[in-house]
Amino acid sequence: MQYWLMKSEPDVFSIDDLKRVKVEPWDGIRNYQARNFMRDDMRTGDQVFFYHSNCDVPGIVGIMKVASKPYADPTAFDPKSNYFDPKSDPDNPRWMLVDVRYVKKFKRTISLAELREDPVLEGMRLLMRGNRLSVMPVEKAHWDHILSLV
DNA sequence: GCCAACGTTGGC
DNA sequence: GCCAACGTTGGC
4 MQYWLMKSEP
14 DVFSIDDLKR
24 VKVEPWDGIR
34 NYQARNFMRD
44 DMRTGDQVFF
54 YHSNCDVPGI
64 VGIMKVASKP
74 YADPTAFDPK
84 SNYFDPKSDP
94 DNPRWMLVDV
104 RYVKKFKRTI
114 SLAELREDPV
124 LEGMRLLMRG
134 NRLSVMPVEK
144 AHWDHILSLV
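Position one of the first sequence corresponds to residue 4 (the working numbering), numbered consecutively onward.
No wet-lab data here; the hints were simulated from the structure. In this text, all values refer to a predicted model and were calculated from it rather than measured experimentally. Keep in mind that a hint or two might mislead.
Below 25 angstroms or equal to it, Euclidean Cα-Cα: the simulated DSS-like pairs (lysine-lysine) are [said to hold, decoys possible]:
#, residue 1, residue 2
1, K110, K25
2, K110, K72
3, K143, K90
4, K22, K72
5, K22, K107
6, K110, K22
7, K107, K68
8, K68, K110
9, K108, K22
10, K10, K83
11, K72, K143
12, K10, K143
13, K25, K108
14, K10, K25
15, K25, K107
16, K22, K10
17, K72, K90
18, K110, K10
19, K68, K108
20, K25, K90
21, K10, K107
22, K10, K68
If you anchor each label on the Cβ, the simulated ranges turn out as follows [said to hold, decoys possible]:
#, residue 1, residue 2, range
23, D147, S71, 21 to 31 angstroms
24, N85, E120, 20 to 30 angstroms
25, Q36, N95, 25 to 35 angstroms
26, P93, L130, 30 to 40 angstroms
27, D92, V153, 42 to 52 angstroms
28, P122, P93, 44 to 54 angstroms
29, D94, P122, 41 to 51 angstroms
30, L152, P77, 13 to 23 angstroms
31, N57, Q36, 17 to 27 angstroms
32, N39, G126, 17 to 27 angstroms
33, R128, N95, 25 to 35 angstroms
34, R46, R128, 18 to 28 angstroms
Idealized CB from N, CA, C, for every residue including glycine.
All chains, full assembly: derive it from the sequences and hints.
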């Protein structure tokens, strides 16, 4: 079992949206490091923190789990999509994704500010300077500690 | 809206 | 391969 964190702007796709649809392809990731985590390292059943970015109170809002093997991101092939990438070849897709399934929404948001103040979480990738990665691993010790804050 | 940090592109 | 220019992310 591995643990992850994935970011989404709630104006685009929030944990309430995921709760409604239950399962969602995590499309639109256009960063190689993030793609590599999804393509090479994620396993069905891995647990994932849902993080809201670019909003009033950025932070962790709930849990989902990986619900598929990696497959080609279909939005890369759709000229009408914001995520269209003409350089992604259907025979050798550049962008891969996994489906995620809703598990739970926390009763409260564990805010970025709160995470930053917590000495136990020192060194957590999310909190490193200038971090912009939207898909990243979470250490089990950090995962367990964050759950204890909810 | 601002801007620091970072990733990508493309000329050379 | 270097690096300047540019585009994006995302907190504040």
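Each hint, compared with the structure:
1. K110 <-> K25: holds, 18 angstroms
2. K110 <-> K72: With Cα atoms ~30 angstroms apart, K110 and K72 exceed 25 angstroms; violated.
3. K143 <-> K90: violated, 37 angstroms
4. K22 <-> K72: Holds. K22 to K72 sits at ~21 angstroms (cutoff 25 angstroms).
5. K22 <-> K107: holds, 8 angstroms
6. K110 <-> K22: holds, 14 angstroms
7. K107 <-> K68: holds, 10 angstroms
8. K68 <-> K110: holds, 18 angstroms
9. K108 <-> K22: Holds - the C-alpha atoms of K22 and K108 are around 8 angstroms apart, at most 25 angstroms.
10. K10 <-> K83: holds, 23 angstroms
11. K72 <-> K143: holds, 22 angstroms
12. K10 <-> K143: Holds, because 18 angstroms separates the two Cα atoms, which is no more than 25 angstroms.
13. K25 <-> K108: holds, 12 angstroms
14. K10 <-> K25: Cα-Cα ~17 angstroms, so holds.
15. K25 <-> K107: Roughly 10 angstroms separates the two Cα atoms, so the pair holds.
16. K22 <-> K10: holds, 16 angstroms
17. K72 <-> K90: Holds: K72 and K90 sit about 23 angstroms apart, inside 25 angstroms.
18. K110 <-> K10: holds, 18 angstroms
19. K68 <-> K108: holds, 12 angstroms
20. K25 <-> K90: violated, 31 angstroms
21. K10 <-> K107: holds, 16 angstroms
22. K10 <-> K68: holds, 14 angstroms
23. D147 <-> S71: 21 to 31 angstroms: This hint holds: roughly 26 angstroms between Cβ atoms.
24. N85 <-> E120: 20 to 30 angstroms: With a Cβ separation near 35 angstroms, N85 and E120 fall outside 20 to 30 angstroms, so the hint is violated.
25. Q36 <-> N95: 25 to 35 angstroms: Cβ of Q36 to Cβ of N95: about 19 angstroms, so the range 25 to 35 angstroms is violated.
26. P93 <-> L130: 30 to 40 angstroms: holds, 38 angstroms
27. D92 <-> V153: 42 to 52 angstroms: holds, 43 angstroms
28. P122 <-> P93: 44 to 54 angstroms: Since P122 and P93 have Cβ atoms about 48 angstroms apart, the given range 44 to 54 angstroms holds.
29. D94 <-> P122: 41 to 51 angstroms: holds, 50 angstroms
30. L152 <-> P77: 13 to 23 angstroms: Given about 37 angstroms between the Cβ atoms, the range is violated.
31. N57 <-> Q36: 17 to 27 angstroms: holds, 19 angstroms
32. N39 <-> G126: 17 to 27 angstroms: holds, 21 angstroms
33. R128 <-> N95: 25 to 35 angstroms: Given range 25 to 35 angstroms: holds, Cβ gap about 29 angstroms.
34. R46 <-> R128: 18 to 28 angstroms: Holds - the Cβ-Cβ distance for R46 and R128, about 19 angstroms, lies within 18 to 28 angstroms.
Of the numbered hints given earlier, the model fails hints 2, 3, 20, 24, 25, 30; all others are met.
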